[in-house]
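With the hints in hand, could you dock these two chains into one complex?
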Amino acid sequence: AQKVTQAQTEISVVEKEDVTLDCVYETRDTTYYLFWYKQPPSGELVFLIRRNSFDEQNEISGRYSWNFQKSTSSFNFTITASQVVDSAVYFCAPFASYNTDKLIFGTGTRLQVFP
Amino acid sequence: DAGITQSPRHKVTETGTPVTLRCHQTENHRYMYWYRQDPGHGLRLIHYSYGVKDTDKGEVSDGYSVSRSKTEDFLLTLESATSSQTSVYFCAINTGTGASEQYFGPGTRLTVT
Chain A
1 AQKVTQAQTE
11 ISVVEKEDVT
21 LDCVYETRDT
31 TYYLFWYKQP
41 PSGELVFLIR
51 RNSFDEQNEI
61 SGRYSWNFQK
71 STSSFNFTIT
81 ASQVVDSAVY
91 FCAPFASYNT
101 DKLIFGTGTR
111 LQVFP
Chain B
1 DAGITQSPRH
11 KVTETGTPVT
21 LRCHQTENHR
31 YMYWYRQDPG
41 HGLRLIHYSY
51 GVKDTDKGEV
61 SDGYSVSRSK
71 TEDFLLTLES
81 ATSSQTSVYF
91 CAINTGTGAS
101 EQYFGPGTRL
111 TVT
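Chains A and B, in that order, give the protein sequences. Take the first sequence: its letters are residues 1 to 115, numbered as in the working numbering. Take the second sequence: its letters are residues 1 to 113, numbered as in the working numbering.
Same shape as in the complex, but just chain B (with noise of 0.2 Å):
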C-alpha cells in the first residue's frame, strides 16, 4: 500500500460542467501522475508533476489541467467536461527516482453525460 487516496471514487457530471479530482499521497514522493484508462488504449498519461508547482502535459492533456500546490495533494481539473472524457482516472506515484516504481491509487470513475 503506497498510501494513495482518489477522491471521489464516482462522479456523474453533466457535459460542459467543471469537475477536480483529487489525489493525495501520503508518503511525499515527488513524482506524480493523472492517467485514464479507456477500452482498447491502456493508460495514457494526461499530466504529471515533479515537484510542487512543477506540472507538465502528458500524451492526452487536451481538456485537462493539473495544480499540485503541496506535495501530497495533485489536483486534475476538467474546466468544462465533454462525453469524451468519460472515463476511469487512475492517479499515481513514483517512489523515487531513476525509473523507480509507480504505484496507483485505487481510481475514479467518472461519467459526463
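If we strip away everything but chain A, and leave its shape as in the complex, we get (with noise of 0.2 Å):
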C-alpha cells in the first residue's frame, strides 16, 4: 500500500529565506503519481503540481520548483525567496490506485513565514 510521510511539521523562515519541504513516500508501483497542494489559513485546498514517476526532471514555476528522485523516493518542494503569502499547510499526496483515482494525503507541513 502506498504511504507518505511529511516529517516537518512546522517551519518558519523569515521573508527572502528559501525553503525546502520534504515528501517520502513509499508504493510498489512501477508507475505512479505524486501531487503537492496548498492550504492557506483561508482553509481552501489549492492544487499545486502533478509529477509521474516516469519524468524525473525537476519542475520550476516561478519561485516554487519541485525535485522528484526515484532512488530516494521523495518528492521535495523548495519555495525560493519565500513570502508572506506562501503561509500555509503544504500536503504532499501520492496517487493510491488507478482505478480508483484516489489520493493519499501526507499529514502536511505548516509553514510560517515571517517579515
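Derived by calculation from the structure, the hints in this document are not laboratory data. Misleading hints may appear alongside valid ones.
[Said to hold, decoys possible] Just the calculated beta-carbon pair ranges, DEER-fashion:
1) B:S84 / A:E26: 37 to 45 Å
2) A:V14 / B:K70: 45 to 53 Å
3) B:S83 / A:G62: 37 to 45 Å
4) A:E56 / B:R30: 29 to 37 Å
5) A:T72 / B:S100: 24 to 32 Å
6) A:V14 / B:T77: 42 to 50 Å
7) A:R63 / B:S100: 20 to 28 Å
8) B:T17 / A:K70: 46 to 54 Å
9) A:G62 / B:S100: 16 to 24 Å
10) A:E56 / B:K70: 24 to 32 Å
11) B:S69 / A:F114: 45 to 53 Å
12) B:S7 / A:S74: 34 to 42 Å
13) B:V88 / A:T80: 37 to 45 Å
14) B:S69 / A:R63: 42 to 50 Å
[As the list claims (entries may be wrong)] Straight line, CA to CA, 27 Å or less: simulated BS3-like cross-link-like pairs of lysine-lysine:
15) B:K57 / A:K38
16) A:K70 / A:K3
17) B:K57 / A:K3
18) A:K38 / B:K53
19) B:K11 / B:K70
Using N, Cα and C, we set each Cβ at its ideal position, and we do this for glycine too.
Here it is in C-alpha cells:
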C-alpha cells in the first residue's frame, strides 16, 4: 500500500529565505503520480503540481520548484525567496490507485513566513 | 475554479442527530470524493463515487453513508452524529481519469456537541 511521510510538522522562515519541504513516499507500483497541494489560512485546498514517475526532471514554476528522485522515493518542494503569502500548510499526496483515482495525503507541513 | 460548492458551509448539531452534507459540481466529472480533515491527520478519504449510484468506502467510512443519484450531486450523511465526527469536510472532484488533478470544494465545518 502507498504511504507518504512529511516529517517536518512546522517550518518557520524569514521572508526572502529559501525553504524546502520534504516528502517521502512508499509504493510498490512502478508507475505512479505524486501531487502537492497548498492550504492557506483561509482553508481552501489549492492544487499545485502533479508529476508522474516517468519524469524525474525538476519542475520549476516561478518561485516554486519540485525535485523528484525515484531512487530516494522523495518528491521535495522548494520555495525560493519566500514571501508572507506563502504561509500555509502544504500537503504531499501520492496517487493511490488507477482504479479509483484516490489520493493518499500526508499529514502536511505548516510553513510560516515572517516579515 | 472547478465549479464545486458545498452546503452548508458551517453547521452545529447535537449528538445523535442525522446530518447531510451536499457537494455540487457543475462540470459533469465522473469521480467525486468526500474527505475529512482533522489536526495531525491531514485529509482522510471517507467515501468516493465513480459514477451515478456507484460508490465505495474510503479509509474512515464507519458512521458515514453516501449517495449519488445525479452526476452533479454527492451527498454525505451522518446517520447519528457523534462528537468524533466534528471535523472539516471537503468534497473533491477528479477532472478525468488516470491520475488527473483533484480539485476541492471550500469545505464544511461541522461541530457535533
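Cross-check of the supplied hints:
no., hint, in the structure
1, B:S84 / A:E26: 37 to 45 Å, "28 Å, violated"
2, A:V14 / B:K70: 45 to 53 Å, "50 Å, holds"
3, B:S83 / A:G62: 37 to 45 Å, "43 Å, holds"
4, A:E56 / B:R30: 29 to 37 Å, "30 Å, holds"
5, A:T72 / B:S100: 24 to 32 Å, "26 Å, holds"
6, A:V14 / B:T77: 42 to 50 Å, "47 Å, holds"
7, A:R63 / B:S100: 20 to 28 Å, "25 Å, holds"
8, B:T17 / A:K70: 46 to 54 Å, "49 Å, holds"
9, A:G62 / B:S100: 16 to 24 Å, "23 Å, holds"
10, A:E56 / B:K70: 24 to 32 Å, "42 Å, violated"
11, B:S69 / A:F114: 45 to 53 Å, "49 Å, holds"
12, B:S7 / A:S74: 34 to 42 Å, "39 Å, holds"
13, B:V88 / A:T80: 37 to 45 Å, "31 Å, violated"
14, B:S69 / A:R63: 42 to 50 Å, "44 Å, holds"
15, B:K57 / A:K38, "25 Å, holds"
16, A:K70 / A:K3, "15 Å, holds"
17, B:K57 / A:K3, "18 Å, holds"
18, A:K38 / B:K53, "31 Å, violated"
19, B:K11 / B:K70, "24 Å, holds"
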